[in-house]
Amino acid sequence: MIWPQVSIGIAPLLLTIAAFSLPLISLVIKRRLFYHIYALVFTIVALLFAFVNFYLVNYVYGHPLVYLFGGWPGPLGIVYEIDGVSSVLGFLVALDMLLVVIYSWWYMKNEDGVEWYYTLILLIETGMLGIVYTGDIFNLFVMIEVLAISAYGLVAFYRSKREAIEAAIKYSIVGATATTMYFLSVVFIYGTYGTVNMADLALKARPWLTSTLTTAYSFLSNMSGVGYGNVFIASAIALALALWAFTFKSAVFPNHFWLPDAHPEAPTPVSAALSGLVVKMGAYATLRFMYTIFGSNSTLDIGGGMSLRDAILLIILILGAVSAILGALVMIIQDDIKRLLAYSTIAHLGIIFMGLGVGLRGVSTALTSMAIAGVVLHTINHSFGKTLLFMASGLYIKATGTRSINFMKGLGKIMPVTTALVILGLLHLLGVPPLGGFFSKLLIYNALINSGLAIFALILILSTAISILGYMKLIVTLLVPPRPVEFLGKIREETLPVSVLSVLAGLIILVGILSMIGGIDVLEHIASGTTSANGIIDYINAMVQTSMKLIGGG
Amino acid sequence: MSLEEQVTLFIMIVFPLYLLSFTLYIIRAIRGPTIPDTVLAIDALSFDIAAFLALLSILYRSPILISCAVVLALWVYALDIYVSKYFEARDMGD
Amino acid sequence: MKKADVFVIASIIVFILSLAYITALGGLGPLPPINVRRIAINYLNLTYNTFTPYLTVFALESVTSIVWDFRGLDTLYETAVFYAAIIASIALYRGVYMDFKKNTEKTGLSPIAKTVTRISLILIPTVSASVALHGHLTPGGGFQAGSIATVVIVLSIIIFSRYFLPIHGLSKNKALLFRSIGLLGIAITSIALLLIAIVLGVNAYIFQNQAKIDAPLSFPSLVDNYILGGSLLFFNLFEFIAVAFGFTIVFLLLSISEEKVKKVTMDG
Amino acid sequence: MYVNETVVYIGEILVAIGVFCDLAASIGMLRFPNFYVRLHAATVGTIGGAFVPLIGIALIALGAEWLGTYRFFLAGASIITAIIIIILAPVGSHVLARATHKARLVKVEPKVVDHLEEDIKKKEGDKNA
Amino acid sequence: MLEIFTLTLLTLFAITSVVAAYLAIRERDLVKAVVYSAIQSAMYALIYYVLMAPDIVLVYIPVSVGLIPAVLLFVIKKTERYEGD
Amino acid sequence: MVNEYALFAAYVVVLSLYVNLGIALYGIFARPSLVKKLIAITILSDTANAFAILVGYRWPIGKLPKPPVITELPVTRKVLETYTSTAVDPLPQALVLTAVVIGLAVTLFIAFIIIQYYRLYGTVNIHKVRRR
Amino acid sequence: MNRLIKSIPISILSFTVYIVFTGSIKLYDIVTGIIVSIAVGLITTNIVLENPKKASDPKRFLWLIAYSLKYFFISEVLSHIDVIKRALSPKMSLNPGIVRVPYETNSDYGEALVACSITNTPGTVVVDLDKENKIFYVHWIDVKTTEPSLAREKISKMFDEYAKRIFD
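Chains as they are written, first to last, in my numbering: chain A, 1 to 554; chain B, 555 to 648; chain C, 649 to 916; chain D, 917 to 1045; chain E, 1046 to 1130; chain F, 1131 to 1262; chain G, 1263 to 1430.
FYI, nobody ran anything at the bench for these hints, they're computed from the structure. Please read these numbers as outputs of a predicted model, since none were measured by experiment. From the three backbone atoms N, C-alpha and C, an ideal C-beta is built for every residue, glycine too. Heads up, a few of these hints could be off.
[Unchecked claim] Listing some non-contacts, in silico: residues in chain A with all C-beta distances to chain F over 12 Å:
#	residue
1	Leu47
2	Val52
3	Tyr61
4	Trp105
5	Val322
6	Ala420
7	Leu458
8	Arg492
9	Thr495
10	Ser499
11	Ile520
12	Ile537
13	Asn541
[To be verified] Okay, the calculated beta carbon distance ranges per label pair:
#	chain 1	residue 1	chain 2	residue 2	range
14	F	Val1209	A	Ile44	47 to 57 Å
15	G	Ile1274	A	Arg162	55 to 65 Å
16	G	Glu1312	C	Asp747	21 to 31 Å
My request is simple: use the sequences and hints to build the entire structure.
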């Protein structure tokens, strides 16, 4: 019975090993084709494992799955713990990265340094899968760094471009500060709770659960003791530091300034991965901290009136709202197509963070689950949509040789398929009904309205309305009758990138269809595994049950 | 008085003197006035600290702490070399 | 002082004071604590414990045990971070080649320093190898030893010149080769028992060192009553190689002359 | 009979000498007027203040039975540290002095004579001529 | 006795490190700043030593006293020495 | 007397860490030179590391704390008991070990980028670049 | 193979360092020590050794030991006392300057030995050297003479003679 367990732990590890051996092979084999195939093979393998995990968690076991590294029980060793949300996101990461790698095949055709590029791409995927799967806050820190440093490297990939290097510097200095703050937060948490395991923390932060989960409690207090010092204050400061780091990583309002520089300057497939996936990791970590560890009725949620957790959630809501508006507003005046898309990313992250802020006290679990389902769905939608748009922008840029929208007038006539797909993607991001984007915005909107946060629901609508202008500008520019353009003859649409775009468009439509035929219910069920009390109990129990098997004879 | 107590007492007596000289070194290191002065002070300070660390490991009765002294001695020498190279050469790699 | 500076300073002071105030309120209890935490006692207890044969590392050093056994995954990915930084730097320098110049007599620092460095070429690698190979017994381990060994690399680049290492057969590509071998060694050690277990049809964990209650395989830990620490020894050895050569790459890249790099990296 | 005691006492004497040298060196560091003169104080600090006490510590460790089996490690590592110091410290001072002189960071003042400066000037004069 | 002694050491090292860090940040000559930051790192290494963390000292001294100043000096040599305004 | 002094000294140490944190943040956000920012980043991560080690320390009251390494062989129950009751917490040390290496990696990479920045802009002073 | 034989002196030195640093002679230490010392020897032979025959001559080692005894117990002590006196006396009697000191030893190692010995005795520091004319430029805290040969007499005659015996 090794197989189902190993598939959880092995996927990121395999990618790391692949990344480790690529430079070694590059000393021997210099064929460009080989690198493409190499990266492709390993991303496909990772996708298989991610799919297996997704399937196992949601359809076979129905409760979170745990892998103990080194055969050490729970809080002693590192634990990978996959619940519904993380299995979905892991699958999304693997799928999206596969498309990015296929697209890179075309995009990196004439670039040098492909072996380093693919090494870093593999490490980015390692980092994201690790973040999503891990059940340990310090391992989360390490994985964030794996992700971050490969991202810095890829942003600086066009080394002779001034803007790229400046963006990389900004990104890396800000990122280094943020991760150090997160490390400080981990130290605070360890100092207080005496553990860095998420499930363990989830139990320790909920004193009321100890009477329900007596076995787990006795096991865990034997392993990692009980709290130490003033738990309330230390958790508050740890959470503040951690959220600061996560908002940096997700580019939410006061800390968004690096994103519009960094994302456009990377090679286009990397921009797609950064905007589509990497920034979501901050939101995912926030979800873990605000719902799994310090969820409702936790240490931070005590006292009358507005609890500290509510205050933090409100701050998250406000920050999300500000970035939603700000991103949409600034997007309108952009002339650079990649910058426009980057600002749109900020707006959408604002929406995601607004969804994350719903779980205030007094809001029912069903509503919170709805909001989290909306967050997950919006993450999926935005990933596909933004990946599509960035990849298409890469096609345009290669065709015209510039990133300015003004020079792209009339490209719709010359590249009809691409433009059609781009319009589909834009409508998707806007939230036009039959497409996926509509349902996620609807879910978040419903959750906000029903939990008495009508103003934020209005802001969501407002942000969408403003961003229509920006998107329309792009669509209109692409569709207007072309002026006599000099590049008319030499542009043609190539098969490979366009087929990747078509796959993404298909996925977008698929998400829409699935949402209509009951996918939302499934997603809400999955999300309730993170938000509801029973879900948390499952989360803790899964870790404890697996760990206790190892203690047995000892 | 056993040998152990006697050695401990001896180290305790020696220590304030060490700290005093460290303080003087640090004052020189911070006052400068030029970079070579600072580096020279750090140099002497660190070699003395290596000896001090060895004494500490006897005082704390944990002999395994000693390996740090070697490392300190090695790397402070390297610091000298970098700074000299910085001033002497046109390029660090030459 | 500018207005922005004042603002920054003020906000930082507020941040610091609030942090200090919160700690003073007992955010972490008395600092430093009087007793270690329960989990620490568990770690200390399981480092070398013949009484719980299925839950122990069989090494004497708790920190190295945590680093490479209890939380080995962290360390693997930490190595990956370091690796990513080096790969990103190489990617920044792609297309730049080292130049060879046969004579190192005229370059570098004073001849006395050169002569003495040659002696320390014996001394330092020996010491660092000792630190690496006793990582499971005394403080130290792969990374520490690797960074001690880096002294040699740095010194020879700075004292002799950038040509010294390539002349004596350690070019950037060779260093990359050795580094990759070290990294692959780490990776293979981490899944070695798993691979053997798949062949034998038994259970095993990734990063497993000693036998567990449901996983019977283990690395050799005691040979002739001498403690080997199981996989820690291999991890330390490979990490030593990987780190030393990783730094070699970094400093070789840093030492390339600026004109040469500019020619390649400035134009598209 | 009293091997341990003797060894330990010798070691303590060496450490005491070391501390004295150390203090003197640090005072010299503060009082001496310029970098070149301070170099000599630094030499006192490294040889008298680090090398000698490290040998002394090695002796103490050999005699200190309460430290357990690892005392040999202590002694050995102290000796290696001492050797490293006596090999590397002079090179450090020399290299620093040379760089300082080459880069003209510090004036050799007060001075009786500066042959190095004279020779450098002579060489430059030869080149120019 | 030993407690007081340990505490005194810690306090001294901590204060020195603050002074060195302050100077490192305020200094306009970047080479000096690097040297000051090396002092600060050495003081932290001593704090780790007193706090019984030999493993950290072993990794920290090479990294913070040795390698990072080396890298920074390489950087300063390749870029510029004084921090403007 | 001892206890009061202990408390005072502990506060001084912790406060010094916070002050260093503040100095480092000031360096990162307010100093114009990128190299200075890099130095500040190293100081920042040092501070976090020192804090972690302090959290894992065992106060030297009664027993002398020891490094987390077993030095007595053979390891009997008694040896283990003394070991667990005197050694300091190894976990923060392991975490800091990882964090130091990660900080080093980031620093190395930022250093490389700063050099490249200078090649392209001719300065590492961001104020000067912004003014252009 | 030739290289292996050539590297034996270095390997022995390396092995000694390894064992002294480890401080124990269990089987594990000896086995790893032998492996490490052979590896270090093989790698560094061509860099470190000029003439392996010299390195395996016991007479030279005896001279080295005699030299170090004389050096540590006489020259070092005297010069330490001198400099400490200067540092502590209320009126510093300084008379510094840089003087030429010629040397005679021929090998690199001899040169380094003399230079390190001069620098390691407080009161004299080698600032620079001229390899072609075989001159050290020594910063001397108390310049008694500016005549190079007399300065050699005062500073480095003993070191130079022993260095010739040990390394030439």
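Hints, one by one, checked against the model:
Its beta-carbon lying about 28 Å from the closest one in chain F, Leu47(A) satisfies the requirement of being farther than 12 Å from that chain. At roughly 29 Å from the closest C-beta of chain F, the C-beta of Val52(A) stays outside 12 Å, upholding its exclusion from the interface. No Cβ of chain F approaches the Cβ of Tyr61(A) within 12 Å, the least distance being about 31 Å, so the stated non-interface status holds. Listed as a non-interface residue, Trp105(A) keeps its Cβ farther than 12 Å from every Cβ of chain F; the least gap is roughly 27 Å.
At roughly 21 Å from the closest C-beta of chain F, the C-beta of Val322(A) stays outside 12 Å, upholding its exclusion from the interface. With a cut of 12 Å on Cβ distances, Ala420(A) stays outside the contact zone with chain F, its closest approach being about 39 Å. Every CB of chain F lies more than 12 Å from the CB of Leu458(A), the least distance being 35 Å, so the non-interface label holds. Under the 12 Å C-beta cut-off, the non-interface status given to Arg492(A) relative to chain F holds; the minimum distance is some 34 Å.
Non-interface call for Thr495(A) relative to chain F: holds, since the shortest CB-CB distance, roughly 36 Å, exceeds 12 Å. Against the 12 Å criterion, Ser499(A) stays outside the reach of chain F, whose nearest CB is about 35 Å from its own CB. At roughly 40 Å from the closest C-beta of chain F, the C-beta of Ile520(A) stays outside 12 Å, upholding its exclusion from the interface. Listed as outside the interface, Ile537(A) is consistent with that label: its C-beta sits roughly 27 Å from the nearest C-beta of chain F, beyond the 12 Å cut-off.
Non-interface call for Asn541(A) relative to chain F: holds, since the shortest CB-CB distance, roughly 25 Å, exceeds 12 Å. A C-beta distance of roughly 52 Å is found between Val1209(F) and Ile44(A), which places it inside the suggested range of 47 to 57 Å. Distance hint for Ile1274(G) and Arg162(A): a CB-CB separation of about 57 Å, consistent with the stated range 55 to 65 Å. Between Glu1312(G) and Asp747(C) the beta carbon distance is about 27 Å. The supplied range of 21 to 31 Å therefore holds.
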